[in-house]
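Novice: What follows is the residue order along each chain.
Number of protein chains: 4
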Amino acid sequence: MISFESDYTTGAHPKILQRFVETNMEVLSGYGNDAYCQSAREKIRNACQCPEAEVFFLTGGTQTNAVVISSVLQKYEGVVAAQTGHVSVHEAGAIENTGHKVLEIPQSEGKIDAAFLEQYIEAFYQDENYEHMVFPGMVYISYPTEYGTLYTKTELTKIYEVCKKYHIPLFIDGARLGYGLMSKNGDMTLADIARLCDVFYIGGTKVGALCGEAVVFTKNNTPKHFMTLVKRQGAMLAKGRLIGVQFDTLFTDNLYFDISRHAIEMAERLKEIIKEKGCRIYLESPTNQQFIVLENGKMEALKKKVRFGFWEKFDEGHTIVRFATSWSTSEEELDYLREIL
Amino acid sequence: MISFESDYTTGAHPKILQRFVETNMEVLSGYGNDAYCQSAREKIRNACQCPEAEVFFLTGGTQTNAVVISSVLQKYEGVVAAQTGHVSVHEAGAIENTGHKVLEIPQSEGKIDAAFLEQYIEAFYQDENYEHMVFPGMVYISYPTEYGTLYTKTELTKIYEVCKKYHIPLFIDGARLGYGLMSKNGDMTLADIARLCDVFYIGGTKVGALCGEAVVFTKNNTPKHFMTLVKRQGAMLAKGRLIGVQFDTLFTDNLYFDISRHAIEMAERLKEIIKEKGCRIYLESPTNQQFIVLENGKMEALKKKVRFGFWEKFDEGHTIVRFATSWSTSEEELDYLREIL
Amino acid sequence: MISFESDYTTGAHPKILQRFVETNMEVLSGYGNDAYCQSAREKIRNACQCPEAEVFFLTGGTQTNAVVISSVLQKYEGVVAAQTGHVSVHEAGAIENTGHKVLEIPQSEGKIDAAFLEQYIEAFYQDENYEHMVFPGMVYISYPTEYGTLYTKTELTKIYEVCKKYHIPLFIDGARLGYGLMSKNGDMTLADIARLCDVFYIGGTKVGALCGEAVVFTKNNTPKHFMTLVKRQGAMLAKGRLIGVQFDTLFTDNLYFDISRHAIEMAERLKEIIKEKGCRIYLESPTNQQFIVLENGKMEALKKKVRFGFWEKFDEGHTIVRFATSWSTSEEELDYLREIL
Amino acid sequence: MISFESDYTTGAHPKILQRFVETNMEVLSGYGNDAYCQSAREKIRNACQCPEAEVFFLTGGTQTNAVVISSVLQKYEGVVAAQTGHVSVHEAGAIENTGHKVLEIPQSEGKIDAAFLEQYIEAFYQDENYEHMVFPGMVYISYPTEYGTLYTKTELTKIYEVCKKYHIPLFIDGARLGYGLMSKNGDMTLADIARLCDVFYIGGTKVGALCGEAVVFTKNNTPKHFMTLVKRQGAMLAKGRLIGVQFDTLFTDNLYFDISRHAIEMAERLKEIIKEKGCRIYLESPTNQQFIVLENGKMEALKKKVRFGFWEKFDEGHTIVRFATSWSTSEEELDYLREIL
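Residue numbers (the working numbering), protein chains in the order written: chain D, 1 to 341; chain A, 1001 to 1341; chain X, 2001 to 2341; chain Z, 3001 to 3341.
Keep in mind the hints are simulated off the structure, nothing from the lab. Honestly, I wouldn't trust all of these hints.
To be verified - In silico SDA-like cross-links for lysine to any residue, where the CA-CA straight-line distance does not exceed 20 Å:
no., chain 1, residue 1, chain 2, residue 2
1, Z, 3313, A, 1127
2, A, 1303, D, 30
3, Z, 3015, X, 2022
4, X, 2313, D, 132
5, A, 1304, A, 1318
6, A, 1313, Z, 3129
7, A, 1224, X, 2223
8, D, 313, X, 2126
9, A, 1305, D, 30
Construct the complete structure from the given sequences, taking the supplied hints into account.
Specialist: Spelled out as structure tokens, the structure:
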């Protein structure tokens, strides 16, 4: 059985495992102070063209969102996010668990709109009772979004301008960042991302690592005593090398980008196959997640031969499913899929 | 330079890395539902002689303490712990971050006393204002303790009897559990631990894994929707295999116990060397952490050749330092230490 | 200058102050255990025709919502509420401060719909990833709503049936409960309210008291150690008599209902005056809050002679304003308003 | 039956009730923006000889402690307090409920020691693992303490010097502040208190009000958006006049001080009676709370005629009880007590 269920069903890129083996006996400091964490930080700063960037390693996406958001927000603030944002829906209330509200705003294909955002913030401050309300203290977007879509550089620039106008930091959830950067339809580099926000993270778990996300504060704006805040949330690893080695490897010889490009190429071929087979694309996603409308009978038949994700009911006879590619997706798998679709 | 700084300065036991490599391309479900997590759970249940045990995998010790304690406690309850307990002192307020008080009680060499505990709980319920106070809702102990010491089976049995009498669950922090079980002075098996508490965890990070702790609820008492509580705290891994493979390996062919026994043997030889060299043992620890009183001049000289941990000032001229052994401690390192001490 | 700004701009009904004076020198127990709290509880139980009701006194509305909701919810649960609900918008994140998400759903004139609610809960449990989401653990509605509107008995019955079907407690915020019960358009008694939910509160602050809300658990369902949870949130008064005496007075000789009826009669006359003067009613409210669309020039002129609340912009030339009546609204004030409108 | 059970068993000083009646029909703004709150603030600033003081009104002591402490602390900080401090023991975990640890330190008769405090803070920063620990972010003391004892001006000055040296704000819980200021043994004025800390509160509930505490930030240091933080904790009153009128009355014509002096005079006479009757004073308290050791038989007999508080067991045959005086304690009650003791 082949699988397009998600981008986290196979292990790590082999080069990562190889580096684990090679470095295993080295005596290293704990808690992220080791040489591999340092080296990975330096490589990420370079890749971001942001020498002043401060880089921290955390383990998973929900954890990273909760740690970053709660560390940046003042107690009277909440985080503005799309109603479909990962922090709004799929993190079991991890943000609220830190005492902060997710201020949900409308979206289109997973994206929020700069003009609406400005209007929302303006309305807040014009409300005579704004002191009785949760202050917008951060804006959260994901790139790519939960629907695999991408903000253009123009769109992101406008959102960031609104944020700067109101002194509200912008945070980009990059759980699948590589796929956005390598998309044929994307028009941004890692340096653009670093420049156009206050903090973002480079997702490892879903882009070839076993685990790990690299948080990047780009404006000399790391919250005070951030490591203590990380520890307080139970997010600090004793063997910090676990993530340091992985990111050091991912940012050596462009591995992170190569992995991402491969998945995008596989996704493009997947899209061709889907269209060739007359299946309906639910949403034109330019990244590694493809949302397809399948007739229910066909879906049931397919389920016996390939694993994929269920998104939601489309209508009585059809279902929206998700196919995702990853570092390990092979041409053979796509050939087989073409056969059985 | 050799290192006795801690038990987490080298990577994972080689068998673990080997299994990562062997299983890397297998397509596995996420979030801890994969075959390796299932297999590891089964092996742990067997090792605990507790078929009804429910096993969950988390990433690190502080995270595990915060998740378990906050999941078990009612909102009006706190957790009773030694003043020197890891949750009391060295977790940056991770328990309080979940809204719960650590009710600190006196200790001796890191251990709490059953009679005092009973007296403490009795006094609480006899206080006419107990409704204005934090209810004792869980008892936390560590085995081995933060000082490397061990409760005897008799001592643990008495503590657990007090807990059962007052219907207060007992939680054992086993960050270094293996070293306690393999200590020459320990008189408990893993099955004893499982029997004499309500929930405990088997530490991986400090016993040969790259990361990971296995939480074991032994009395059909897993908190409802525990996985959602784990997710809410940002503690769920997408690639659950990361920990599943590690614990599956650790509990195959007694690896966990062999690793622990090796570290204990190295610690026993270390202790001999220390005594032979006329250094003072601060505390008679039967596990892999040894606390030694060094004359400050000697300490400074030693620091150039070997890494170790600083504990606290002993007096003006002396310092208490910690030497720890691990799976990777070698006889050569000990020979070299004997030379330079 | 007269005022229709809100229902909390004058002090308490004079009978309440009189009772403060009369009972002032009596030696009473603290923390809500005094004879007046007991008597008030008994009178409320009778008024609710619910002998098993358990009654607690808190100080204000936001506090009551936060204490009740956080005491009832499990840690993995959130509270479902209208997007316009007081807990959603105007409590500065007090619910999230307790670690729980407000699960906002669509509304119409402040009311949620039973059919939508059922669909929402169904969709939650049908989502294959529901364990990664916040469980619907309580439903919150307000009666009257934030727009002064009322659920009919049929509507409330349907909502409660959905709640019971899914074992989700229903909580009614009755900050202005009296005005709903005495509305000409309302079709429910206090006994109906008590029967058709699991917990509700009878608002005092906005219905003639200086402060105070009476929480009523109607189904033998008070959360365990509720008083400790109240204390933990800083909501317990040493001189519990402060609220006991007020509610004892409000529920003697129907004062609570008389106050409410008076405000409703004044609101009905206010509505007539508004219509008579050709002003546009924004929303047909059957309770003590009236929402009116005023031409901006007229609004500015009026502001010099009468105080009222600003709700939101209607269009470029008009604003929605709120006029509220209360126990102290007099016919003279209405006569004067007719003159100047 | 007479009562010395506590200082909150009778209502408010009659002048307060009189002012409620006189001001009842005035139309006033809500949420603490009314003329009485403003006037009370001004009078308190004058009484403190601190024109820059910022004054806020809250309802009760535990609420005030939780709101002030959580508003001042950064997320990585905790509050240092005596092990016997009200926040440590008798607030049901209200501080931990805000996510912050109470860092308990030793005390003597309820007081902490400046030298120990300095040593404690020094030790924190010298610990190589201090980033894994809760930072001392505030120091909390009570004046008078929970045992009725008082810091001298010299002692308080030393504590405040330590605080300033380490940039840690000092917070004084003045739930019974008046009794400390009017004590024959006290050597501080309200202006001294204001000068020698960063924030304190003037207790109303236990000094003649029905409820209410006045928080005073004395160093231009009110936390940003404090009112929103107050609201978020459910501590904001719609009818702010409830507390404004009370403090305006208490700080008119020295009423607050007269009430306190009266209670102190009654306490002094009480002490004489106790000594005259050969009872043992447990602790030499210079304020309105007296701790007495009673033989158990005598205590049981006395309980039938007078109410008092139970503190703790002294030995098998004796109990420590608490007698408290207040604004309403009369000479007749003392005469009667002398008779029956």
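Novice: Indicate, hint by hint, whether the structure satisfies it.
Specialist: Here's how the hints hold up against the structure:
1. About 10 Å separates the Cα atoms of residue 3313/Z and residue 1127/A, which keeps this hinted pair within 20 Å; it holds.
2. For the hint linking residue 1303/A to residue 30/D, the alpha-carbon distance of about 18 Å falls within 20 Å, and the restraint holds.
3. Of the pairs offered as hints, the one joining residue 3015/Z and residue 2022/X holds, with about 14 Å between alpha carbons and a cut-off of 20 Å not exceeded.
4. Restraint check: the Cα-Cα separation between residue 2313/X and residue 132/D comes to about 19 Å, which is no more than 20 Å; the hinted pair holds.
5. With a C-alpha separation of about 17 Å, the suggested pairing of residue 1304/A with residue 1318/A holds against the 20 Å cut-off.
6. Distance restraint check for residue 1313/A and residue 3129/Z: the Cα-Cα separation of roughly 14 Å lies within the 20 Å cut-off, and the hinted pair is therefore satisfied.
7. With a C-alpha separation of about 17 Å, the suggested pair residue 1224/A and residue 2223/X falls inside the 20 Å cut-off, and the hint holds.
8. Our distance criterion of 20 Å between C-alpha atoms is met by residue 313/D and residue 2126/X, whose separation comes to about 10 Å.
9. A threshold of 20 Å between alpha carbons decides the hint, and for residue 1305/A with residue 30/D the separation of about 19 Å falls inside it, so the pair holds.
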